[in-house]
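*Asks:* Chains as they are written, first to last, in the working numbering: chain Z, 1 to 162; chain H, 163 to 942.
It is worth saying that the hints were derived from the structure and are not from the lab.
Glycine included, every Cβ here is placed at the ideal spot set by N, Cα and C.
It is possible that some hints are incorrect.
[To be verified] Just so you have them, the derived chain H footprint on chain Z, three or more residues with Cβ under 8 Å:
id : stretch
1  : 52-65
2  : 98-112
3  : 148-160
[Stated by the list, open to error] Take a look, some chain H residues computed to stay more than 10 Å from chain Z by CB distance:
id : residue
4  : Lys172
5  : Asp176
6  : Gln183
7  : Ala184
8  : Phe186
9  : Asp292
10 : His328
11 : Ser338
12 : Ala360
13 : Phe410
14 : Glu595
15 : Ser647
16 : Gly773
17 : Gly835
18 : Ala863
19 : Ala871
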Amino acid sequence: MSELIEVTVNVNSEEYRRSVEPRMLLSDFIRHELSLSGTHVGCEQGVCGACTIQLDGAAVRSCLMFAVQADGHQIRTVEDLGTMDELHTLQEAFWEAHGLQCGFCTPGFLMSILPVLEENPEVSEETIQRAMEGNLCRCTGYQHIRDAVKQAAEKMVAGGEA
Amino acid sequence: MARLIGKPLKRNEDPRLLTGQALFVDDVELPGMLHAAFLRSDYAHARLKGIDVSAALEREGVVAVYTAEDMGDDWAPGPPLVIPPPTIEEVTFNTRTQVPLVKEKVRHAGEPLAVVIAESRYIAEDALDDIVVDLEPLPAVVDIERALDADAALVHDDLESNLAAHLVQTKGGYQSAREQADLIIKRRIVMDRGIAGAMENRGIVAYWDNKQQYLTVWDTTQSPIPIRNGLAGMFGLSEHQVRVIAPFVGGGFGPKIMMFYPEEVVLTWATLKLALPIKWIEDRRENFYATTQERGQVHEVEMALTEDGRILGLKDDFIHDSGAYDPYGLTIPLNTQCHVLGPYDIPNFSSELHVVFTNKTLTTPVRGAGRPHGVFVVERLLDIAARELGIDPSEIRRRNYLPNDVFPYDNVIIDQAFANFIIDSGDYLPAMEKALDMIGYKDFIENEQPRLRAEGRRVGIGVVSFIETTGVGPYEGARVTIESSGDVSVATGVGTQGQGHFTSFAQVVAEHLGVKVSDVHMVTGDTAQFHWGTGTFASRGAVVAANAMNAASSIVRKKILELASELLDAPEDELEIEDGEVRVADVPRMSISLGELAQKANPLRGAVEPGTEPGLEATAYFGPNYGATAFGTHAMIVEVDPETMNVEIRRYVVVEDCGTVLNPLILDGQVHGGVAHGIGNAFYEQLFFDDNGQLLNASFADYLIPTSAEVPTIEVGHTVTPSPLNPLGSKGAGEAGAIPVPALMAQAIENAIGEAGFEILESPMSPLKLFNLYYGDKEQ
Chain Z
1 MSELIEVTVN VNSEEYRRSV EPRMLLSDFI RHELSLSGTH VGCEQGVCGA
51 CTIQLDGAAV RSCLMFAVQA DGHQIRTVED LGTMDELHTL QEAFWEAHGL
101 QCGFCTPGFL MSILPVLEEN PEVSEETIQR AMEGNLCRCT GYQHIRDAVK
151 QAAEKMVAGG EA
Chain H
163 MARLIGKPLK RNEDPRLLTG QALFVDDVEL PGMLHAAFLR SDYAHARLKG
213 IDVSAALERE GVVAVYTAED MGDDWAPGPP LVIPPPTIEE VTFNTRTQVP
263 LVKEKVRHAG EPLAVVIAES RYIAEDALDD IVVDLEPLPA VVDIERALDA
313 DAALVHDDLE SNLAAHLVQT KGGYQSAREQ ADLIIKRRIV MDRGIAGAME
363 NRGIVAYWDN KQQYLTVWDT TQSPIPIRNG LAGMFGLSEH QVRVIAPFVG
413 GGFGPKIMMF YPEEVVLTWA TLKLALPIKW IEDRRENFYA TTQERGQVHE
463 VEMALTEDGR ILGLKDDFIH DSGAYDPYGL TIPLNTQCHV LGPYDIPNFS
513 SELHVVFTNK TLTTPVRGAG RPHGVFVVER LLDIAARELG IDPSEIRRRN
563 YLPNDVFPYD NVIIDQAFAN FIIDSGDYLP AMEKALDMIG YKDFIENEQP
613 RLRAEGRRVG IGVVSFIETT GVGPYEGARV TIESSGDVSV ATGVGTQGQG
663 HFTSFAQVVA EHLGVKVSDV HMVTGDTAQF HWGTGTFASR GAVVAANAMN
713 AASSIVRKKI LELASELLDA PEDELEIEDG EVRVADVPRM SISLGELAQK
763 ANPLRGAVEP GTEPGLEATA YFGPNYGATA FGTHAMIVEV DPETMNVEIR
813 RYVVVEDCGT VLNPLILDGQ VHGGVAHGIG NAFYEQLFFD DNGQLLNASF
863 ADYLIPTSAE VPTIEVGHTV TPSPLNPLGS KGAGEAGAIP VPALMAQAIE
913 NAIGEAGFEI LESPMSPLKL FNLYYGDKEQ
C-alpha cells in the first residue's frame, strides 16, 4: 500500500479532511469515504456520465479524477440540490415529466445539466441536447429527460433563477 | 370511487431517487465489510492445469483467496432455471449449467477462476495480479454455423457435439402449402449479439451473521425470492434463515434474472465461511464478459404466398447461440418461434431449431427475449414479398392479419411456458391504421417522398406490426394492510428496476381503498416482507403482480365495509370509502377514518370472534392461465446520407395496445426506453468476438449505446384491447418498444435507398455495414 496523502475538500459547503491513497478515484472517495452515495458509478472510464459532479462549478466525471486532485477544490454532488420535501426546480421537473425510471443515471444527468441552466436558462433545444449527450440512460429513451430540462428551464427563466 | 387506474400520475419513488437517497446495492456499507474481486479467464476456451494463489495470500490486506478446489463438496454447477419442454416429442436437451469457479476447463472469456477477499476493493484487485494461473488454450467455438461441424472443438467434452438442444415445431403442413404457392421467398437472416446495458452493473453484499445464524444478501437481482430459496437449498439453510433484498436496482432488462450467477454462489459461500460481510460490485468490463447477453441466431427461412400476397406457409429453420452453458433452457428460441407467427394468419408452419454451445458468454433473455428475431424474420419476408408482388408493405400486412373474431386463437405450437401458444385477444388493424394516420403514410408516399427524392434526398418510410407475449405465470402475490395511521402498506415479491411499481401498483390499491396514491407505501423485492413469487421478467408486473394487488385490496375493501357497517350501524351498500374514511353516503357526519377502523380491527382488549382475523389486511395471489399477448404497429421515416450511409430518424410513431393502461405516463416511458434500446439493437450495438472468442469491444467507448442524439422524439398512440385473462384487463409493455425496431429500420432504410435488389437481412446494421452492403453491391 502506498503512502497516504491528506486531502481537504469542500463538498456541498462542508469541509472534509481525509487521508487517502493517491490512486483513490474521486468517485470512490465521494461515495465510500464521505458516504455521499448519490453519486453513482457506471463505467469508471468517463463514458456513461453517471458519476458526474461539479468541481468548482463545472460538470466533471468523478471517476476520471483522483481524490488527491480535488484537494483544495469545491465539489457539489446531487445531495446539495433539493431535499425529498423540497426538491430543486430541476429535480421537480424530472419528477413531473417522468424523466427517470431506475434512477441510477439520474444524479449524473442532474449534475451535467444544472451548470448549463444556471449559466443561462434560456436554452435552445440544441443546447439541451448538447448538455445531455455525455450521459447514458438505458431506461427512458431520453425523451422525458429532454421534456424535464425544457420544463425546468422555463421555470428558471420565469423565476429569475439565473 | 375516484378513478385512479389509468391516470398519468407522477411516481411515488422519485423523490428518493432524485435526491440520491435511494439505496442501491453498492450503497450498502456494513461494519467490517470485506471486498471481493474475481480473477477471470482471458481465454475463451482453455484447460486449467494449475493455479497458485500463495503470493496473493501474502499481500497485506488480503483475507482469503479461494478457488474451485477450496469449495470442496459445495462446488456444484448451478441448477437449471427452466427445464426442457416436456410437451414436445423427440426433443433433445443437454443441460449444462454454469459453475461457481472454473475447476477443469474455461468455457468463455471472463469465466471466474478465483476470488480474492480483501480489506478493500483496491487491494483485492491488486491481489488478482499475484495469482499464477496455468491455462492451456484450446481452439474456441465462436461461429454458431460451424459449431456443429464434425471437426469443431467441444465446449463440453462429455457431449458428442456442441448441440445443446434440438426440436421441431409444426402447424398444418408446410410442404403442401409450398406446392400450392405462387411465390416462394427464401432467405438467410442473421441477428447478432448485444448487451442489456443496465447502467448499474451487478452487485452483491452477502453477510452471514453467525450469532443470529442468519444470512442477508443484497443482490441486484430481478428475482429475489427464487434466489433466497435457491441459496437456502444450496447451503443447507432454512428459507427463514435467509433474507434476500433487491433494493433499488439500476435497470434490469433480463440478465439480472439469470440464476445463479457464479458471484451469487461464491459470495454466499465465502461469507458463510468467514462470517463477515463481503461486497462485490461488478465493473463495466466484467459486465461485458460475465453478465449474460442475447440475440445470436441464424435463420434459413422460406415463405410461401399466393399472388395476392396471402401467406400460405412459413418455414424457419434456425440456429440459436446458447453460449457456454444453457441454464435458461429454451425460453429465447421458443419466443422466437412464436413471434415468427406474429399477428398473422399463417396456417402452415414448420420450424427446426438447433441450439448450440459456443465459447462465448451465456445468452439469457434481454429485453425482447427472442421476440425481435421472430419479428425481424416474418416482417423482412413480408417486405420482400410485397416488393416482388407490387403490393404496398402496409397492404400486405393488412391482408394477412388474424381477423378480430378468432380470439382466443390457438397457434398449435408451444410457447416458452410449454403450453400451447394461444393469443388471448387482438385487434390489429385499428392499431396499424392509427399508426399510418399519425405518421401521414399516404401523404408521405404520394407527396413528400417524391418531392424530396426529386431534390436527390434518400428518404424512406417503414411500417411493421408485432405481437408481444406478456404476463406469464406462474403467479405473484401481494399483502395489503391498512396501518393504524390510515396509510396503506403493501408488500409484493417482485423486484423493481425502474418500472414504477411503487406507483402503478399503488394506483390499483388506492382505487379500491379510497386513499391517496402517495399514501400507499410499497415494498418490493425483500423476502423478509413477502416471500412468495417469482420475479420481474417477461413484461409481467402490470399483469400478474398488479392483479394480485387488485385481488388483495378488494378483500381489504370488503373487510373495511363489513366493520364500518357494524360500527356506523349502516348497511354496506350505503357506505362509501373516500379520502381515507368510510362515510354513510349522504350523511357526511357519519364517518370513520380508515386508521380508526384499523385500530378497532386490532383491539388490545376484549375478545376477537373465533374464525376471524385481526386487522384490515389481506394477502392474495394471481396466476393467469396463460400469457396475455400485447401488440402494436411502429412506423418510422428515415433519411439516409448516401455518402456516409448514416441514417437519421426523422419521425418515429408507436401505436401500442397493452390492454388496460395503469399509468399512461409510465407506459410511455417504458415504450420510449424500449424503442431506444431497439434503435441500439438495430443500428449501433453489436458485440464483436474474434476467432479466439475474445470480445473486441468490451467498453462503452467501443460498444455504442444510443445517446440522446440518436433517439428521436417518439410519438406514442394507443388502442385498448383488454385481456380477458385477468380482472384488470392489462397486458405487459416492458419489452414492446424494443421488439419491432430492427425490422422497422430495415424496411425504412430499404425504402429510402429504393433500389431493386438492395436488401437488409442482418441486424444490427451500422453505417459501415450499410455502406459495404450498398457500395459492395455496386462494385460487383
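*Asks:* Which hint numbers doesn't this structure obey?
*Replies:* 1, 3, 4, 5, 6, 7, 8, 12, 13, 17, 18, 19
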